[in-house]
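Protein chains in written order, with my numbering: chain A, 30 to 280; chain B, 1400 to 1844.
Don't take every hint at face value.
Unchecked claim - Quick list of in silico lysine to any residue cross-link-like pairs, SDA-like style, CA-CA up to 20 Å:
{"no.": "1", "chain 1": "A", "residue 1": "Lys147", "chain 2": "B", "residue 2": "Glu1840"}
{"no.": "2", "chain 1": "A", "residue 1": "Lys139", "chain 2": "B", "residue 2": "Gly1833"}
{"no.": "3", "chain 1": "B", "residue 1": "Lys1453", "chain 2": "B", "residue 2": "Ala1836"}
{"no.": "4", "chain 1": "A", "residue 1": "Lys139", "chain 2": "B", "residue 2": "Ala1835"}
{"no.": "5", "chain 1": "A", "residue 1": "Lys139", "chain 2": "B", "residue 2": "Glu1840"}
{"no.": "6", "chain 1": "A", "residue 1": "Lys153", "chain 2": "B", "residue 2": "Glu1840"}
{"no.": "7", "chain 1": "A", "residue 1": "Lys147", "chain 2": "B", "residue 2": "Ser1578"}
{"no.": "8", "chain 1": "A", "residue 1": "Lys147", "chain 2": "B", "residue 2": "Arg1723"}
{"no.": "9", "chain 1": "A", "residue 1": "Lys139", "chain 2": "B", "residue 2": "Ala1836"}
{"no.": "10", "chain 1": "A", "residue 1": "Lys139", "chain 2": "B", "residue 2": "Arg1795"}
{"no.": "11", "chain 1": "A", "residue 1": "Lys139", "chain 2": "A", "residue 2": "Ala108"}
{"no.": "12", "chain 1": "B", "residue 1": "Lys1818", "chain 2": "A", "residue 2": "Gly123"}
{"no.": "13", "chain 1": "A", "residue 1": "Lys213", "chain 2": "A", "residue 2": "Val243"}
{"no.": "14", "chain 1": "A", "residue 1": "Lys261", "chain 2": "A", "residue 2": "Val243"}
{"no.": "15", "chain 1": "A", "residue 1": "Lys139", "chain 2": "B", "residue 2": "Asp1838"}
Stated by the list, open to error - Derived contacts from chain B toward chain A, CB cut-off under 8 Å, selection only:
{"no.": "16", "residue": "Glu1720"}
{"no.": "17", "residue": "Leu1801"}
{"no.": "18", "residue": "Phe1806"}
{"no.": "19", "residue": "Gly1808"}
{"no.": "20", "residue": "Ala1835"}
{"no.": "21", "residue": "Asp1838"}
{"no.": "22", "residue": "Gly1841"}
{"no.": "23", "residue": "Leu1842"}
To be verified - Residues from chain A shown here face chain B by an in silico Cβ test under 10 Å; the list is partial:
{"no.": "24", "residue": "Val124"}
{"no.": "25", "residue": "Thr127"}
{"no.": "26", "residue": "Leu130"}
{"no.": "27", "residue": "Met146"}
{"no.": "28", "residue": "Glu150"}
{"no.": "29", "residue": "Asp172"}
{"no.": "30", "residue": "Asn174"}
{"no.": "31", "residue": "Phe241"}
Simulated from the structure, these hints should not be mistaken for laboratory data. For every residue, glycine included, the Cβ atom is placed at its ideal position computed from N, Cα and C.
In case you want the letters, here they are:
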Amino acid sequence: MAMLDIEGLHVAVGGKEIIRGLDLAVEAGEVHAIMGPNGSGKSTLAHVLAGREDYEVTAGRVRFLGQDLLELEPEERAALGLFLAMQYPVEIPGVSNTYFLRQAVNALRKARGEPEMKPAEFMKRLREAARQVGIREELLRRDLNAGFSGGEKKRNEILQLAMLEPKLAILDETDSGLDIDALKAVAAAVNALRTPERAFLLITHYQRLLNFIVPDRVHVMVDGRIVRSGGKDLALELEERGYEPFLQEAA
Amino acid sequence: MAAPRYRTPPSELVRLGERLLPRLPGDALAEVRQRAWRRFLAAGIPTPRVEDWKYSRIDALMAQPFAAPTATAPAAGTVRRAMAGGPAARRLVFANGRLVAGQSHVGGLPDGMRVMGLAEAIQHRPQEVAAAFEALPAPGPFSDLNTALAADGAWIELNPGVRPEVSLQLVFVAVGEPSAVITHPRVVVRLGAGARLHLLESHVAEGEGHVLTNLVAQLQLAEEAALVHERLQAAEGGHALVGRTVVELSAGARLLANVATLGGAFVRNELEVHLRGEGGEALMNGLYLPRGREQVDTLVRVHHHAGRCHSDQFYKGVVDEQARAAFAGRITVHEGAQDTDAYQQNRNLLLSDEAEVDAKPELEIFADEVRCSHGATVGGLEEAGLFYLRTRGLGRAQAEALLTYAFAGEVVARFRDGKLARQVRQGILARVPGGAALDPEGLVA
Ligand SMILES: Nc1ncnc2c1ncn2[C@@H]1O[C@H](COP(=O)(O)OP(=O)(O)OP(=O)(O)O)[C@@H](O)[C@H]1O
Ligand SMILES: [Mg+2]
Chain A
30 MAMLDIEGLH VAVGGKEIIR GLDLAVEAGE VHAIMGPNGS GKSTLAHVLA GREDYEVTAG
90 RVRFLGQDLL ELEPEERAAL GLFLAMQYPV EIPGVSNTYF LRQAVNALRK ARGEPEMKPA
150 EFMKRLREAA RQVGIREELL RRDLNAGFSG GEKKRNEILQ LAMLEPKLAI LDETDSGLDI
210 DALKAVAAAV NALRTPERAF LLITHYQRLL NFIVPDRVHV MVDGRIVRSG GKDLALELEE
270 RGYEPFLQEA A
Chain B
1400 MAAPRYRTPP SELVRLGERL LPRLPGDALA EVRQRAWRRF LAAGIPTPRV EDWKYSRIDA
1460 LMAQPFAAPT ATAPAAGTVR RAMAGGPAAR RLVFANGRLV AGQSHVGGLP DGMRVMGLAE
1520 AIQHRPQEVA AAFEALPAPG PFSDLNTALA ADGAWIELNP GVRPEVSLQL VFVAVGEPSA
1580 VITHPRVVVR LGAGARLHLL ESHVAEGEGH VLTNLVAQLQ LAEEAALVHE RLQAAEGGHA
1640 LVGRTVVELS AGARLLANVA TLGGAFVRNE LEVHLRGEGG EALMNGLYLP RGREQVDTLV
1700 RVHHHAGRCH SDQFYKGVVD EQARAAFAGR ITVHEGAQDT DAYQQNRNLL LSDEAEVDAK
1760 PELEIFADEV RCSHGATVGG LEEAGLFYLR TRGLGRAQAE ALLTYAFAGE VVARFRDGKL
1820 ARQVRQGILA RVPGGAALDP EGLVA
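Could you build the full structure based on these sequences and the hints that come with them?
The structure is reproduced here in structure tokens:
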């Protein structure tokens, strides 16, 4: 059975149906990309998977690692191995980046019945991961995302990804707003995390990211549905022709 | 007939005052005290019909059968736990308003700096004390009560240019006694031109009881003087504090006034700042975290009398259970005070449906070149932040506790004394729901 299995999903936000019958299956070890025009519901899908309470699932089911994902609290989903790198990471003034990460790492370990990570071991891993994604030490001491530049926030999401070691990572436009060096660093970090047990769902507008992180499958999302799926070449086709042909199909 | 704006003072309080008044030292003060006492009797106790007391419920507090305090000294451990200001800090310790010489230490101060108990000042320089008492602007009932009955407190003088390296801490211990007691400490600080002082003021409790501390502090800053005044109110239980601080700043003088209210049945922090010379600066930060049935009032009055001054008020509150908090902040830019910068922010986190916050920002502007802003908010925790933390594995309770702590922590970041800030942070952790379960390592610096 697929690691993530979405069947006939419908989601309403503020009384308006945004996801309208979506099917998607992601196997362990795979990288899937979702592309689609602004407002097609990509971030809504990502947030629903992560457990946002104000998004109403009106129909369909989602199984993740054999469990009914929609039954779980956001923190239970995280403990099970789901991670969402947000399109707009939230600023949390008053909580240092390092403190937050230590609490997150230990909360996940506790939920899985593992002992807390020793502080020295945590700091060692944190420094390593920070170097890999190109985060300055100073940013580790600063308050979580507070006053971070757009690119720093995105890198910080990848830092969390590296530290939390999820089974399925959803990256919602992590590439937007990154300069080319940052994009390469993020891609390298993601590629280093690719294992046969771990899957990725990349939401992006740009083919460029997919040159660095080569996907197994590419899906086109229009108006709350997947209207076409294909191999990595589909992204090239989109780059060339835009979404116009798919918009007509959907209409 | 309309309800009265002031209530006749409770007879217990009046009898106590009449008994104490003739026995207070300092003939030179007798006149000033008598006048204040008569004003107090004539005015009475303010009711919520008085604008500045609109949200305060003090009838029960004032109707307690007060006796004169008899406590002599707190336990050494109480004072030790309250210590702040670094290992070399000088300290005056008070037990229910009375100076405890044995636990105080103000030796070895630099030349030109004098620190003594108010009782001693009354003995040695009664005229000056009388003049200082008389100089208190716009006294209200509580200030008058203090002026009439103040028997002890602190008298602090720094000659021009004196800048002690050590901090000075005033520790007020509310010692539980069999009956309710009311005390009236008076603090007078005078900084000469260019002098500098870091003054810490800690209020702590020892034992159960009902001690009402009616404190008046007069802080005078000559040209270019700088004062950091940090108050921690941590006397929990049935104790209460009515504190009025009046600051006068001459040209180029600077004030940083921080206050954290962590406990007390009723606490009122009144801060009145007069920027009387050009180029003065007053930065004011406050935090209050009432819970249970506690009440905290914050009343800030900033007067820009002269031009080119800067004032900034930043007050935050976390209000839980059936607690009440009121914030009334007024900026007055008087005529001719051109090129004024005056800011005010009041942010409140309401954690329970039964809790109450009343925020009343006010601006009065009589000059035209002025940059002013003010804002007040009352709300709950941000859903976006909670969701973000939970997607990283933090449980709801932990995420809520952490965000609440962080909300309050923003004020503590502005405290100057490391030890006091640490005490405040520990107090926040002990107070916010779920705070005790948070990992303090990395939170309490
Ligand atoms: N609270 C809300 N009430 C009504 N509509 C909403 C609400 N939140 C989101 N939407 C709408 O849902 C639609 C999908 O939004 P979503 O953020 O999922 O799009 P997206 O595909 O991620 O777009 P982008 O590429 O711009 O990031 C949009 O039309 C948006 O305006
Ligand atoms: Mg989006």
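Going down the list of hints, with the structure as the test:
1. A:Lys147 - B:Glu1840: At roughly 13 Å apart (the allowed maximum being 20 Å), glutamate 1840 of chain B and lysine 147 of chain A satisfy the hint.
2. A:Lys139 - B:Gly1833: It holds: about 17 Å lies between the C-alpha atoms, which stays within 20 Å.
3. B:Lys1453 - B:Ala1836: Roughly 37 Å separates the two Cα atoms, so the pair is violated.
4. A:Lys139 - B:Ala1835: holds, 18 Å
5. A:Lys139 - B:Glu1840: holds, 17 Å
6. A:Lys153 - B:Glu1840: OK: lysine 153 of chain A and glutamate 1840 of chain B at ~17 Å, within 20 Å.
7. A:Lys147 - B:Ser1578: Roughly 52 Å separates the two Cα atoms, so the pair is violated.
8. A:Lys147 - B:Arg1723: Measuring from Cα to Cα gives roughly 42 Å; hence the hint is violated.
9. A:Lys139 - B:Ala1836: This hinted pair holds, its Cα atoms lying about 14 Å apart.
10. A:Lys139 - B:Arg1795: With Cα atoms ~15 Å apart, lysine 139 of chain A and arginine 1795 of chain B stay inside 20 Å; holds.
11. A:Lys139 - A:Ala108: The hint holds at about 9 Å.
12. B:Lys1818 - A:Gly123: holds, 18 Å
13. A:Lys213 - A:Val243: Since the Cα atoms of lysine 213 of chain A and valine 243 of chain A sit roughly 13 Å apart, the hinted pair holds (cutoff 20 Å).
14. A:Lys261 - A:Val243: Given that 20 Å is the threshold and the Cα spacing comes to 7 Å, the pair holds.
15. A:Lys139 - B:Asp1838: holds, 14 Å
16. Glu1720: For glutamate 1720 of chain B, the interface hint is violated, since the closest Cβ of chain A sits about 22 Å away, which is over 8 Å.
17. Leu1801: holds, 6 Å
18. Phe1806: holds, 7 Å
19. Gly1808: holds, 4 Å
20. Ala1835: Cβ of alanine 1835 of chain B sits 15 Å from chain A, so the hint is violated.
21. Asp1838: Holds: closest Cβ of chain A sits about 6 Å from aspartate 1838 of chain B, inside 8 Å.
22. Gly1841: holds, 4 Å
23. Leu1842: holds, 6 Å
24. Val124: Holds: closest Cβ of chain B sits about 5 Å from valine 124 of chain A, inside 10 Å.
25. Thr127: holds, 7 Å
26. Leu130: holds, 8 Å
27. Met146: violated, 12 Å
28. Glu150: Violated, because the Cβ-Cβ distance from glutamate 150 of chain A to chain B comes to roughly 15 Å (cut-off 10 Å).
29. Asp172: Because about 8 Å separates aspartate 172 of chain A from the closest Cβ in chain B, which is inside the 10 Å limit, the hint holds.
30. Asn174: holds, 9 Å
31. Phe241: Check failed: Cβ of phenylalanine 241 of chain A comes no nearer than 25 Å to chain B, outside 10 Å.
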